[in-house]
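A.B. asks: What follows is each chain in one-letter form.
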Amino acid sequence: MRKGGRVFITGYGIITSIGKNAEENLQSLVNQRHGYGDIDILNTAHSHDLRCCEIKITDEDLRALARAEGNGLTRTSLLGLVALREAVQHAQLTKEELNRSGLLSSTTTGGIREFERDFFNILDLDRRGEFEQFADTAIPGDHSERLAGQVGIHNYVATLSTACSSAANAIMQGAALIRSGRLDCAVCGGSEALSKFTINGFNALMILDNEHCRPFDASRRGLNLGEGAAYLVLESEARVERLKKKPLAILAGTGNANDAYHLTASSPEGTGALKAMRLALSHARIDARDIGYVNAHGTATENNDLSEGTGLKRLFAGELPPFSSTKPYTGHTLAAAGSIEAVYSILALQHGMVWPSLNFMSPIPELEIHPATSLIRNVSIRHVLSNSFGFGGNTSSLLLSAV
Amino acid sequence: MQGKPLIYINGTASISPQRTFDGSFLSEPINYTGNVLTCQTPDFKAYLPAIQLRRLGRMLRVGLTASIICLRNSAITTPDGIITATGYGFLEDTERFLREIIERNESQLTPTHFMQGTYNALAGLVGLSLHCTGYNNTYVSKGYALGSALDDAIIQIQDEPELNMLVGAYDEAVSVQYKSVARDGHFKQEQIDSLKLFEHPTPGSLQGEGAAFFLLSGVQTSQTICRLTGHYGLFQPTADELFNELESFLSAHETTISDLDLWIAGLSGDVNRDQTLRSLADGALSSIPQGRFKHLTGEYCTADGFALWLGANIIKKQSVPASIMASSLKAPNKLRKVLIVNHYLDRNYTFYLLERPRA
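Protein sequence lines correspond, in order, to chains A and B. FYI, in our numbering the residues of the first sequence are 1 to 403. FYI, in our numbering the residues of the second sequence are 1 to 359.
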């Protein structure tokens with residue numbers, strides 16, 4: 001047995017444009033319902049031309065859903081709190097257990113949505129008003145400390161930000177803290193709200209598709225942004241045994257690498273992608289042939305899918321297991337994508353299903369690889385790889401196994 | 001049970017509001033009068049190619065240069081992993097992109113400031129410059145950002161002692177950060193001489209910035225600066241909790257207060273927010289020679305990076321700069337154990353215990 005024993009997943013919570021809890025997300029995946037459409041809640045000039053996967057719940061209604069208390073809770077914090085409350089309830093963590101747990105949460109831009117809205121008010125120190133509660137909530141560490149406070153986590157709080165691989169790294173570090181003995185329970189994930197900042201940033205990089213995205217398709221032209229949050233409860237093997245808990249899945253392996261190719265583009269050889277997946281496999285001591293499903297990063301940018309697809313082909317030496325990207329359902333939720341897709345991977349393990357890639361018509365000519373395009377049911381999946389890659393060359397891969 | 005491997009700091013670098021890049025070790029401290037302290041920088045041309053100098057924002061240049069100095073000091077070409085820590089990240093770039101979005105009504109934007117404003121831009125850039133495909137991560141945990149980055153690096157070294165992990169912390173003092181926190185009284189109302197920070201027992205501190213890098217490994221080398229015996233973080237402790245946690249932290253590392261040769265206090269000069277830490281200074285640690293540093297750097301989320309650089313080099317040089325000494329107690333000639341206790345806004349507290357390695 002590996003040092004520190006195994007790390008189990010005992011609960012999860014999730015909110016995306018296809019559902020405000022795990023059950024709703026599952027039903028949407030099974031019925032192939034996506035969340036892509038006009039932007040109604042965020043006030044932006046691009047509400048019709050750069051459609052996104054927006055959660056159609058106002059901040060006010062999110063506050064009620066999240067049972068939020070106090071001021072200064074940004075949409076990022078509120079989305080996070082909805083998912084976090086579901087996760088800790090799912091794992092049945094008591095107040096005392098929460099107090100001794102850790103929270104590792106990620107975000108790419110914290111509360112920039114409120115910061116951009118109140119920008120000129122905040123910068124004019126003579127102005128006072130309601131906006132003041134959001135004067136200093138753009139700092140990414142703010143949301144984690146507030147979330148920890150709302151649910152009563154006190155032992156350890158950390159915030160990560162590695163662009164689109166952030167939540168995978170939060171899960172990875174939570175597992176590392178458990179294996180090292182620093183924590184015996186870590187709640188890990190990420191939260192991301194849509195903002196003008198990210199929509200315009202990705203638009204300036206010219207990697208947004210103004211139609212519904214098409215991962216791994218020859219005609220793909222870019223990604224759709226989304227918003228959401230998801231958290232996983234990780235517990236040590238010793239504690240799960242002591243409390244006789246029934247774990248939902250095993251976090252069997254993790255891999256983190258860097259592509260070291262370009263600040264915002266992936267290498268054509270899939271260097272970082274391949275390395276992260278290999279590290280996750282060797283960490284878990286599992287052979288690539290035993291992988292039953294790959295939840296790909298699959299953003300549908302020309303660059304990512306070619307790079308990741310090349311990495312997948314190299315790893316599986318031509319015999320690819322069923323793979324898909326769930327980005328067309330939720331959009332690219334950036335710092336939340338890693339934990340949202342980890343939940344989808346666990347749902348695949350639990351229900352023996354492979355979620356189909358939407359909008360796929362014909363393969364990328366250089367690769368000739370075909371994602372799953374219709375729901376596969378009643379398959380026994382033992383191991384799933386979930387990929388998350390990001391700007392800065394960050395590549396991470398999680399290996400989740402059935403119990 | 002087999003003991004955990006020791007952690008060594010085998011290289012350091014600091015770019016700060018003092019000339020910390022030229023080896024002078026705070027002998028001629030620089031005074032600031034505007035309540036904002038910004039970095040004294042080396043000639044970047046000695047470290048960065050001209051093309052990078054043109055393209056990169058100020059703090060990316062500072063951070064990248066600090067990483068290069070650290071690697072040179074540790075005689076390491078390529079580390080096995082790169083982990084950075086920051087509170088606010090590259091806020092200047094973030095603000096510039098935000099302003100463009102608003103002023104141009106979300107059209108005709110260029111992505112440069114968006115890309116350079118990403119929190120992991122420095123970790124990615126260091127990886128890219130070094131062609132390092134190894135571990136790469138970025139923590140943004142406010143006043144525990146450096147602490148969580150070190151947690152990550154050290155867990156990995158404890159599994160594989162021969163790893164060389166590059167850990168860096170940075171924050172920049174920019175106007176938008178000042179304004180976003182000024183209403184909460186983070187900064188002094190009255191203009192003061194920064195070097196006289198502790199003579200002003202009023203609310204608020206000074207705005208500061210800096211970048212600090214460390215090369216950590218489980219293997220002692222000829223470059224070794226000191227041992228990082230332990231570190232620990234806690235959130236919003238009461239004075240009693242802070243004392244109890246410090247005692248258990250020290251005892252976990254087989255150390256008592258009387259073993260300490262020097263402690264470095266992260267007092268910020270804010271009469272209100274310093275109260276908890278002052279309870280240690282006036283109580284349990286009152287008999288230990290005390291150094292301070294925020295009159296040299298100002299206050300920022302990752303100011304503990306400067307303190308760690310300072311403490312490590314005090315042990316390496318076996319000499320304490322006069323400009324940091326706060327107490328009339330003189331530090332002993334032999335400096336074996338140095339403790340750092342920092343706080344950020346009386347919320348995030350961090351302990352670091354440094355030790356002179358065996359020769």
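Hints listed in this document are in silico derivations from the structure and should not be mistaken for laboratory results. Do not rely on the hints blindly, as some may be mistaken.
In silico DMTMM-like links for lysine to aspartate or glutamate, alpha-carbon gap of 25 angstroms or less [unchecked claim]: (1) B:Lys188 - A:Asp126; (2) B:Lys188 - A:Asp217; (3) B:Lys188 - A:Glu132; (4) B:Lys45 - B:Asp22; (5) B:Lys179 - A:Glu269; (6) B:Lys179 - A:Asp126; (7) A:Lys246 - A:Glu24; (8) A:Lys95 - A:Asp184; (9) A:Lys313 - A:Asp217; (10) B:Lys4 - B:Glu190; (11) A:Lys313 - A:Glu269; (12) A:Lys56 - B:Glu106; (13) A:Lys95 - B:Glu241; (14) B:Lys179 - B:Glu190; (15) B:Lys179 - A:Glu132; (16) A:Lys56 - A:Glu130; (17) B:Lys4 - A:Asp184; (18) B:Lys4 - B:Asp80; (19) B:Lys334 - B:Asp240; (20) A:Lys95 - B:Glu190; (21) B:Lys4 - B:Glu254; (22) B:Lys188 - A:Glu130; (23) A:Lys244 - A:Glu130; (24) A:Lys246 - A:Asp184; (25) A:Lys56 - A:Glu96; (26) B:Lys4 - A:Glu237; (27) A:Lys95 - B:Glu245; (28) B:Lys179 - B:Glu106; (29) B:Lys179 - A:Glu130.
All of these numbers come straight from a predicted model, not from anything done at the bench.
A.B. asks: Now tell me, hint by hint, if it's right for this structure.
C.D. replies: Okay, the hints, checked on the actual structure:
1. B:Lys188 - A:Asp126: Given that 25 angstroms is the threshold and the Cα spacing comes to 17 angstroms, the pair holds.
2. B:Lys188 - A:Asp217: violated, 57 angstroms
3. B:Lys188 - A:Glu132: holds, 19 angstroms
4. B:Lys45 - B:Asp22: holds, 15 angstroms
5. B:Lys179 - A:Glu269: The given pair, whose Cα atoms are some 45 angstroms apart, is violated under the 25 angstroms limit.
6. B:Lys179 - A:Asp126: It holds: about 11 angstroms lies between the C-alpha atoms, which stays within 25 angstroms.
7. A:Lys246 - A:Glu24: Answer holds: Lys246 (chain A) to Glu24 (chain A) is near 22 angstroms, not above 25 angstroms.
8. A:Lys95 - A:Asp184: Judged against 25 angstroms, a Cα distance of about 15 angstroms means the pair holds.
9. A:Lys313 - A:Asp217: holds, 16 angstroms
10. B:Lys4 - B:Glu190: violated, 49 angstroms
11. A:Lys313 - A:Glu269: Holds. Lys313 (chain A) to Glu269 (chain A) sits at ~10 angstroms (cutoff 25 angstroms).
12. A:Lys56 - B:Glu106: The given pair, whose Cα atoms are some 22 angstroms apart, holds under the 25 angstroms limit.
13. A:Lys95 - B:Glu241: Between Lys95 (chain A) and Glu241 (chain B) the Cα gap is close to 20 angstroms, so the pair holds against 25 angstroms.
14. B:Lys179 - B:Glu190: At roughly 16 angstroms apart (the allowed maximum being 25 angstroms), Glu190 (chain B) and Lys179 (chain B) satisfy the hint.
15. B:Lys179 - A:Glu132: holds, 11 angstroms
16. A:Lys56 - A:Glu130: holds, 24 angstroms
17. B:Lys4 - A:Asp184: holds, 19 angstroms
18. B:Lys4 - B:Asp80: Answer holds: Lys4 (chain B) to Asp80 (chain B) is near 20 angstroms, not above 25 angstroms.
19. B:Lys334 - B:Asp240: Violated: Lys334 (chain B) and Asp240 (chain B) sit about 31 angstroms apart, past 25 angstroms.
20. A:Lys95 - B:Glu190: Not OK: Lys95 (chain A) and Glu190 (chain B) at ~45 angstroms, beyond 25 angstroms, violated.
21. B:Lys4 - B:Glu254: holds, 14 angstroms
22. B:Lys188 - A:Glu130: holds, 24 angstroms
23. A:Lys244 - A:Glu130: Violated, because 48 angstroms separates the two Cα atoms, which is more than 25 angstroms.
24. A:Lys246 - A:Asp184: holds, 16 angstroms
25. A:Lys56 - A:Glu96: Not OK: Lys56 (chain A) and Glu96 (chain A) at ~35 angstroms, beyond 25 angstroms, violated.
26. B:Lys4 - A:Glu237: With a Cα-Cα distance of about 21 angstroms, the restraint between Lys4 (chain B) and Glu237 (chain A) holds, given a limit of 25 angstroms.
27. A:Lys95 - B:Glu245: holds, 22 angstroms
28. B:Lys179 - B:Glu106: holds, 24 angstroms
29. B:Lys179 - A:Glu130: holds, 16 angstroms
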